[in-house]
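K.L.:
Chain residues, written in single-letter form:
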Amino acid sequence: MTRLARLIRPLARVWWSCLSVASCFTLLACGSNTPKIPPELLATGGCNSPNYPTGPFGTEEGDTLADACFQGFKDPSKGSHSESSLQTIAFADYYDPSGSKGYQLILINTAAVWCSACRSEHEGLTEKNREYGPRGLRILSTLFQDAHGDPATMRDLTAWVETFDSNYAMVLDPDYQLGDFARAETAPLNLIVDARTMKIEKKLLGDQATVIWPFIDASLAQP
Amino acid sequence: MQRPATPLSCTFLALVALGCSSSSDAPSQVPVTPAVCDAPGYSVESDSTPIKQVTATLRLPSGEAAASLPVQVCGIDTCLKYSANQKGVLNVSPDQSLVRPALKYGDGFDFAELAVQLAEGTQNLGELVALPLPPVTDGAKFPKTGPVTNGNVTLELASNAKVEHDNLTYSDPSELVFRSVEVPLAESEKALPPSFGFELAYGLAPIGSTFCPAAGLSLKNTLAWAPGTEVEVFVQGLDVAENWAPYGTWQPVAEARVSNDGKTIDTTSGGIPILSSIALRRK
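Line by line, the protein sequences give chains A and B. Sequential numbering from 3 applies to the first sequence in this note's numbering. Sequential numbering from 134 applies to the second sequence in this note's numbering.
The hints are simulated quantities; they were obtained by calculation from the structure and are not laboratory data.
Simulated pairs of lysine to aspartate or glutamate, EDC-like, Cα-Cα distance not exceeding 20 Å: (1) A/Lys-205 x B/Asp-228; (2) B/Lys-274 x B/Asp-305; (3) B/Lys-185 x A/Glu-187; (4) B/Lys-295 x A/Glu-164.
FRET-style restraints, in silico, Cβ to Cβ: (5) A/Gly-126 x B/Ser-402: 27 to 35 Å; (6) A/Gly-101 x B/Thr-270: 53 to 61 Å; (7) A/Arg-185 x B/Pro-267: 28 to 36 Å; (8) B/Pro-327 x A/Thr-212: 32 to 40 Å; (9) B/Pro-276 x A/Asp-167: 25 to 33 Å; (10) B/Thr-270 x A/Arg-198: 53 to 61 Å; (11) B/Pro-267 x A/Thr-212: 40 to 48 Å; (12) A/Val-213 x B/Pro-360: 54 to 62 Å.
From the derived model, a few chain B residues whose C-beta atoms are all more than 12 Å from chain A: (13) Pro-173; (14) Pro-267; (15) Gly-272; (16) Val-310; (17) Ala-319; (18) Ser-351; (19) Lys-353; (20) Trp-358; (21) Pro-385; (22) Glu-388; (23) Gly-395.
The structure displayed is predicted, hence computed values, not measured ones. Glycine included, each C-beta is placed from N, C-alpha and C at the ideal position.
My request is simple: use the sequences and hints to build the entire structure.
P.N.:
Listed below in structure tokens is the structure:
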């Protein structure tokens with residue numbers, strides 16, 4: 003689905019819900035319940051990485067992952083968690099075709115505050131990052147919704163990294179750019195990506211620790 | 134089911150701390166030893182269960198539809214977020230395998246949260262009653278120590294109590310107040326299976342707040358049980374991390390007794406380690 007279509011879909015949902023309410027006052031009144039996403043958190047645009055692999059891109063195993071940009075913290079264990087500390091973080095930052103950065107695999111993960119399975123998964127990610135980071139794994143997690151299913155905010159991101167002592171890249175995805183990979187009502191999603199090619203090696207719905215970590219362990223063991 | 138040992142040991146530590154401070158004439162300079170509690174943990178490896186379709190009708194205690202009620206079909210590995218429609222009807226097709234799946238209805242904000250364990254395949258859960266919590270403006274602020282009461286339920290925090298709230302879920306501090314609502318057992322059999330023999334239950338909020346040592350519990354004896362009646366107290370596991378209770382089911386956490394004047398039911402050992410839904414049965 004295109005990005006434009008993703009942006010239009012929530013508006014259409016609001017429009018139809020307005021129509022369905024007999025006492026629908028005005029479009030403005032309905033719109034007032036729709037959470038606004040501060041533009042500075044969207045991080046869209048400016049995601050130009052000339053050296054990133056060219057398409058075709060896809061969303062399944064074996065496909066090349068399209069680049070995307072987010073606002074977040076590259077290493078929340080260092081520095082403050084204020085809005086002024088936000089950085090633009092792109093998948094392209096982890097692309098390492100020659101191995102010069104020391105990156106072999108990227109674990110891209112989605113999370114939402116309402117999703118207790120996501121929270122359970124993050125309780126172990128900091129330790130996994132300590133264990134596998136030196137071997138070439140990079141973890142990037144995208145927080146996309148709050149406890150009510152509304153777009154995640156700066157406050158959610160700050161609370162998240164402080165709750166889980168995150169030491170891996172944690173970013174906001176309030177407009178759910180990863181919606182091409184999994185529906186917003188399902189979380190978490192885990193993508194294991196080869197940093198040398200940006201090809202999706204594994205795509206898993208859910209915290210499938212017994213699949214994810216043996217796969218990462220075996221992949222990192224390969225030269 | 135295994136009873137968690139830690140809350141009991143925490144209670145013991147708290148009693149020791151209380152005893153020390155009460156037996157001394159020294160004023161408040163005596164440092165209170167912070168309680169330390171290790172969650173017992175109930176996580177076990179389990180196979181996944183294919184969940185094709187789940188239907189239910191959610192209504193309020195008044196009989197009206199619980200329109201747009203938040204609902205989750207959540208295993209310990211994956212969660213799917215839905216809501217009932219304007220008529221309170223839930224008709225969802227997860228069509229995926231989940232580990233130990235449960236349907237959780239209510240969100241701990243406007244409604245108490247309860248869980249119904251799900252079986253394989255397609256299932257119709259029938260009618261589920263959503264229980265509105267009192268508004269947060271009617272909730273009781275947590276003291277550092279001592280009692281906190283809402284409705285028929287009182288929690289007693291020890292002098293060295295450490296209370297940790299789920300600040301991620303409840304991002305607005307005004308939501309971190311104690312609230313309770315009675316669960317109508319006859320209309321909640323999916324979440325509180327009759328096989329447990331529960332006779333009294335409450336939904337509590339804020340969900341996920343933990344107490345170390347486990348909080349004492351005192352309930353109004355609304356069922357007029359005889360003085361001295363021995364009671365078991367359970368909490369429902371709503372958190373997939375399963376630190377304090379196994380997910381989706383009920384875990385005994387305390388023993389209680391009806392007071393001599395017959396007015397209250399008070400814990401005599403153990404306590405509430407985590408806020409969730411609670412249920413009681415006579416021994």
